[in-house]
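Novice: Starting from the given sequences, assemble the full structure and let the hints guide the process.
Number of protein chains: 2
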Amino acid sequence: MTSAALSLEGSHFFAGKKVLITGGVGFLGSNLAIRLLELGSDVTLIDTLSSGSGANLFNIGSLGKDVRVVVGGMGDQKLIAPLISRVDVVFNLAGKTSHLDSMEDPFQDLDSNVVEQLRFLELCRKLNPGLRIIFASTRQVYGKPEYLPVDEKHAVNVVDVNGVNKVAAENYHHVFQAVYGLRPSILRLTNSYGPRMRVKDARQNFLGIWVKKAIAGEAIEIFGDGTQLRDFNHVADVVDAFLRVAARDECIGKTYNLGSEEPLSLRAIADIFISLESSTSVKIVPFPEKLKGIDIGNFYGDFRLLEQETGWRPRHSMESGLSETLDFYRENRAQYGI
Amino acid sequence: MTSAALSLEGSHFFAGKKVLITGGVGFLGSNLAIRLLELGSDVTLIDTLSSGSGANLFNIGSLGKDVRVVVGGMGDQKLIAPLISRVDVVFNLAGKTSHLDSMEDPFQDLDSNVVEQLRFLELCRKLNPGLRIIFASTRQVYGKPEYLPVDEKHAVNVVDVNGVNKVAAENYHHVFQAVYGLRPSILRLTNSYGPRMRVKDARQNFLGIWVKKAIAGEAIEIFGDGTQLRDFNHVADVVDAFLRVAARDECIGKTYNLGSEEPLSLRAIADIFISLESSTSVKIVPFPEKLKGIDIGNFYGDFRLLEQETGWRPRHSMESGLSETLDFYRENRAQYGI
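Residue numbers (the numbering used here), protein chains in the order written: chain A, 367 to 704; chain B, 367 to 704.
Treat the hints with caution; some may be incorrect.
Sample of chain A residues lacking proximity to chain B, with all beta carbon distances greater than 12 Å (derived) [to be verified]:
#: 1; residue: G496
#: 2; residue: G590
#: 3; residue: A613
#: 4; residue: E628
#: 5; residue: P629
#: 6; residue: F653
#: 7; residue: E673
#: 8; residue: F694
Once the Cα atoms are required to be at most 30 Å apart in a straight line, the calculated DSSO-like pairs of lysine-lysine come out as [claimed, not checked]:
#: 9; chain 1: A; residue 1: K620; chain 2: B; residue 2: K620
#: 10; chain 1: A; residue 1: K620; chain 2: B; residue 2: K658
#: 11; chain 1: A; residue 1: K658; chain 2: A; residue 2: K510
Calculated from the structure, these hints are not laboratory results. All residues carry an ideal CB built from backbone N, CA and C; glycine is no exception.
Specialist: See the structure below:
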């Protein structure tokens, strides 16, 4: 991630700010931490470091003692209470992301995405109800789109347990704003990619496993015919969105989509991979039975509300973003299980 | 409840059917059980009999050995597995209903309305995925109405933790239909009243505590100015709605509002109470601080979809319904803590 690529107007907002990032050792959390340290924030990360998650201590290895890392659950009162009381902004990123895992072990997803969130919010409202909190939700809450691009007025039509649970967590944030004065914003992320993502498997995102296979010189697998459209954001753009929203009180209580200029088919993305890594190839495989029930077909989001209210636009093209991403993983294969 | 008042067309549908009612010893569950026994169903009730709930063994005292009662949680595999395998229809009524309790102990509401529901649905999909299931949800999911009357297309805007959790439970039902073939319908209930409701306090419904106060010769308390509009259903009409929906496969996967012909102000309802019980009176009190944040203002629902698809209409007027209700509690004061 090149910080110069981020043209955040209100970057002085974060100088000296006390920031807590839940899920802070994961993909998005670590990229956000790196950027916030550049901006002069006082950064604390909390993370369970659980094995199925995006947490990877290498993600924050370059930060050394500039960042405080607390290992544990975000709902653990003893750990969290002393942190919350002193914090200005929380980037609330912790939680399970795998749709498939949420069907195979729905209780683990419920615990992570609902029970822990409720514990955390209860502590926030008791100890520091005026804090600013930006919650990472997902485009998955819209389910199969009724129209494209999907804006924030689109109905919520969840198709898997992860979606049910993320909606519940969004709703807790809204209720805690209305009743206790918390100041939340919700960002509904689409496929995010870039340095520090989990690439061992497809738990965070199918691009993870594609990066791994490409670098290992194996074939990328496309489920179905490869015509499904998706949108993608480089993590630097996602970080920029979080910072812009956190710095603006006008964004309190609102929900924003992210998204990209132009959706791409899975086949088109595979072609970019092949152009960037000649040792890989594409294999079309039948749609796995256990994914069929929860697939959402074509999806791309409308990010105009976020643009209008914060000036955010995605600035990384898929070609340059993937090129930088592949370089990162070529340099750090062992650290990411490639 | 006079069963003659129920003109259910498809009543033969229930003859011989194996029916499980979760929360079966509560207000709605017990009234449903009584009706189903009249229709010739084989009825099993499961209930935690927890002290804060609507469960009251007197509710089903008249049924004797005609009904099987299992005491425990609906998510308890040992108890539930043998029941689910043999069941045709589940009326899924268990869960906490108090908005205020859900703010004061959100984890208990979460456990009851989400965790236990997910446990139950997991057992259903594993053991008997084709079963018919009718889930009791609440008009509270709509929050403060954007328009009146509120139809099913109205946005979900929860205002309290109970609302968040009921939405999650609704969504689990939808996901389990799409992925596993469960056959659910959702009924969003408004204020239900009638014989066998909890009247010790306002946990189920403010009409409960009004009934208790009226019969005890104490003053009924109205919060605010008494102009708030609400709609109400006599429990016999609610039972009729559940039976009609359960008997129709066309209702699978759908969500229906209940509602009444004409909304009434709290003041107008208080006047009915006074006309029916001369020893009571009305006291206007300021809106309690802890309820202000979660009050939804005027509310009445549009039940035309349910009417169109099942022929359901509410058949009890508030005057006759409340008159019958007060008679029931005059006869059974001690059993309901009056």
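Novice: So, for every hint listed, does it hold in this structure?
Specialist: Here is what the structure says about each hint:
no., hint, verdict
1, G496, "holds, 16 Å"
2, G590, "holds, 18 Å"
3, A613, "holds, 27 Å"
4, E628, "holds, 30 Å"
5, P629, "holds, 24 Å"
6, F653, "holds, 14 Å"
7, E673, "holds, 23 Å"
8, F694, "holds, 36 Å"
9, A:K620 with B:K620, "holds, 29 Å"
10, A:K620 with B:K658, "holds, 22 Å"
11, A:K658 with A:K510, "holds, 12 Å"
Violated hints: none; the structure is consistent with every hint.
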